[in-house]
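> Next come the chains, spelled out residue by residue.
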Amino acid sequence: MRMDLQTEIIVENLNLYYGKKKALNNVSLSIPENKVTALIGPSGCGKSTFLRTLNRMNDLIEGVKIEGTVLFDDRNIYDNSVDVVELRKRIGMIFQKSNPFPKSIYENVAFGPKINGVSNKSQLDEIVEQSLIRSALWDEVKDDLNKSGLALSGGQQQRLCIARALAVNPEVLLMDEPASALDPISTTKIEDLIYELKKKYTIIIVTHNMQQAARVSDFTAFFYMGDLIEFTDTRKMFTAPDLKQTEDYIRGRFG
Amino acid sequence: MNNKILGKSIVAVSALAVIMIVSALLFILLEIYLGGRSVLSWQFLTGNPTEGMTEGGIFPAIVGTVLLVLIMSVACVPIGTITAIYLNEYASKKSFFTKMIRFAVNTLSGVPAIVFGLFGLGFFIQFIGTEMDRMFSADGSLLWGQPNILWASLTMALLTIPVVIVSVEESLKTVPNDLRGGGYALGATKWQVIRKIVIPNSISGILTGSILAIGRGAGEVAPILFTGVAYFLPHLPEKLSDQFMNLGYHIYVMATQSPDVEATKSIQYATAFVLLACTFSLSFIAIIIRYQFRKKIKE
Amino acid sequence: MQKKNGNTNSLDRKFRLSEFLSEYIIKTVAFSSFAIIILIFVFVFKEAAPIFFPKEKKAETSQFLQSETYGEEPGTEQPENSLELYSSYTPSHDVASFKNLTGKNWQPVGEEPKYGVLPLIIGSLKVTVLAILFGAPIAILAAIFSALFAPKGLREIIKPIIELLASFPSVVIGFFALVTLATVLQNIFGYSYRLNAFVGGLAMALAVIPIVYTVTEDALTAIPKYMSEASLALGATKWQTALFVVMPAATPGIFAALLLGFGRAFGETMIVLMATGNAPLSTFNIFEPVRTMSATIGAEMAEVVFGDTHYTVLFFIGASLFVVTFAINAIAEFYVRTKLMKRFRGE
Ligand SMILES: Nc1ncnc2c1ncn2[C@@H]1O[C@H](COP(=O)(O)OP(=O)(O)O)[C@@H](O)[C@H]1O
Ligand SMILES: [Mg+2]
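Protein chains in written order, with this note's numbering: chain X, 1 to 255; chain B, 1001 to 1299; chain Z, 2001 to 2347.
No lab work stands behind these hints: they were computed from the structure.
Quick caveat: nothing in here was measured; it's all calculated off a predicted structure.
Each hint should be verified, as a subset may be incorrect.
A short, non-exhaustive set of chain X residues, derived as facing chain Z with CB atoms under 7 Å [as the list claims (entries may be wrong)]:
1) R75
2) S81
3) V82
4) D83
5) E86
6) L87
Okay, derived cross-link-like pairs now, BS3-like style, lysine-lysine, Cα gap no bigger than 25 Å in a straight line [to be verified]:
7) B:K1173 <-> B:K1190
8) B:K1099 <-> Z:K2027
9) B:K1173 <-> X:K97
10) Z:K2014 <-> B:K1004
11) X:K97 <-> B:K1004
12) X:K147 <-> B:K1296
13) X:K21 <-> B:K1093
14) B:K1296 <-> Z:K2225
15) X:K97 <-> X:K142
16) B:K1295 <-> B:K1265
17) X:K200 <-> X:K189
18) X:K114 <-> Z:K2014
19) X:K97 <-> X:K236
20) B:K1093 <-> X:K103
21) B:K1173 <-> B:K1004
22) Z:K2225 <-> B:K1173
23) X:K35 <-> X:K147
24) X:K142 <-> X:K65
25) X:K21 <-> B:K1004
26) X:K147 <-> B:K1093
27) B:K1093 <-> B:K1173
28) Z:K2152 <-> B:K1295
29) B:K1093 <-> B:K1196
30) B:K1093 <-> X:K65
31) X:K198 <-> X:K236
32) Z:K2238 <-> Z:K2159
33) B:K1099 <-> X:K103
34) Z:K2152 <-> Z:K2046
35) X:K97 <-> X:K147
36) Z:K2014 <-> X:K65
37) Z:K2159 <-> B:K1173
Stretches of chain X that chain B covers, calculated by requiring three or more beta carbons in the stretch to come under 8 Å of a beta carbon on chain B [to be verified]:
38) 57-68
39) 104-117
40) 175-185
Just so it is clear, CB atoms sit at the ideal spot from N, CA and C, and this is done for glycine as well.
Given these sequences and hints, build the entire structure.
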């Protein structure tokens, strides 16, 4: 990893169990700030699980046990003294299946600020507008902010979810296959958006699409059966990976 | 060939069973309507009984029933809703505490109505009421230690809590987990997720549960027999410590204990019709809401 | 370093009062269902306790008396006075105990009250069994029709209609039985008592049908599709599949439905109170009047004197109803939980 990069999150010796089943095996890696890190690997290898450990969404699943440390802002986020609600405000998440609330577009975006105590109408308007602009949705919805979020198309819904996450003003965005259910045009829009967003945010994106990983990411981590196999510069990963296993996987997926 | 006949007859017999049930239902409805038709009128609903109950209306019984179910709802809807929220949102499925509560709810829904009546008498009146009198009444007069509309409503609430729980829980289960996750990922606390995402999405279940509970409470008589109902009262209930009249009880007493049962036949039928119309339309509304809701979920 | 964006909230754990309170309150309220069950158990049994501990109760009562008399409310309910009044003409052997309960006669009022509960038990069983015999076959057949044979549209009409039957108040069913059914049946069968176990059982069937139907229907529709599809794929007809594949798989559910129906009928009060004639007879003739346990409580509790033997015995009957229905429901639940679910997992 290049030395001039700041690290945002440092994961050390992370193990995760669903009950007795081990899903992550001694994973260590450092995620650079204001870059896009892609997580790739065959389905079921633990990409989503790993992503969820970064904002402790796994806490919501019964029977999950976690060992190791995840350092963020100089704190181990699994330390008892860390407030998971505050953590999630700073590390936002976009899900594979877009999940707008059954509320208006405006209310969807305003949800985060509101629960954070913003009640001033003009302030909320401002946040909603800025978030929608940053998620490249503003022009399409600015005239019907009171329309239900569910009335939007799939790609728009996903961008609404991104706007919703941005409205909380996080530092990190976790994206779990955000474009996997979308058509090519929407996918392109999301990819362009990611490119824009990395100027301000650290982004970690799970994808099963090698081209996408190659296009949008700066660094790539390859997972296989719960192990982190290789983590390096994306260009290097896709041209000359260190390990044969990585090469085989990427070949296979490209081929 | 033989097989075919057998198959056809099985289908026919089972269809016949449905027809029998439906026609029994229609027959009862029709019979009760026809029996009471002659006295059913606006005056019947809004008038007081006259001529020693052999004539006049059933207004006080309607008011008593409405008050009963309202006070009951104040108790059973929040308790039932909150319990359902606990079971579906907070409880870990395997914990002993959860299993205990589930078991209690199941048990509660199987307790016979008359046992609730006994409990209301033994607990609310004899225990709580008597203690309250001991503490508050200076002259030792009996106020809370006797049957009244509050004790009757609370007794009825115990019976209807499971109705609310079942209905609310069903609707909580239909709130997709994705939505909860979406809330948590934005840094919402558990209570915020419940209040702003889960509850707004299960309003219809809370509504259905309340309506079903009200329908049930309006129709049950056994729990109030010795906890507060009266056959005839010159005044409408004004305080929680007053007794009250009730549609179901009215039917029961008029049909079995009044000196001249024949003279009040039409009033009995008409009262039964009014009660049936209430409970029927309530559960009809509940079914419609539920049906609409299920359709919405499927879309 | 200077962050370009991001809220700079510290990650320190915060105490959130609303969070703490809401969880605490919700948990406490949820616990109330359990508390209610315990309270029902305690208070119903407490009032019935003298049956189990005749002597201790006496001591308790006298203590109670003293505190009452020394209290400031001489005019408040007067269990002691009434008890004495009552016992002034009640023979001294009138003490609630198991011995008095096993008699064949129920005559709680009079010179020499008798509290034999046998006729009441017979009455309850008679009506309940009749209700199941009349109601269950119809309910199960109807469930088979709507779950297995009816086209989807029809099913969605049948189900709510039968659910509507469940919303009939039992006092209305009792009333219908009393004024209409009883007369019709007497004209048909020509027996001598207009109100009897037969009328009560038939009326009770109307209360039993919805519950048996609903539970059976649920059990039948819960059978995984692959089971019936496999059978259909082998060339079995729809009714053969229903009869030989789906029905056997659903038997535990149907059994549970029967148990729940039994519990419902056994505890029901208003229907029997109005339709059975209420004579405490110990016969097995279904055309004679009967008096059930629940009806006895319903009819007599309002008139008894608090704390006396009759009162105690009525509570004892209530406690028995509670225990019986409790046991029946627990068994039914056990059947659904373990047996039925096990089968669906394919064993
Ligand atoms: N909630 C869960 N409970 C139990 N096992 C799970 C759960 N979620 C994922 N797993 C298991 O953990 C492994 C990794 O899953 P996941 O992280 O979803 O993989 P990916 O996102 O790479 O496809 C899989 O074997 C999966 O079956
Ligand atoms: Mg995944």
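> Of the hints stated earlier, which fail here?
Hints 10, 11, 16, 19, 20, 21, 23, 24, 25, 26, 33, 34 and 40 not satisfied by this model.
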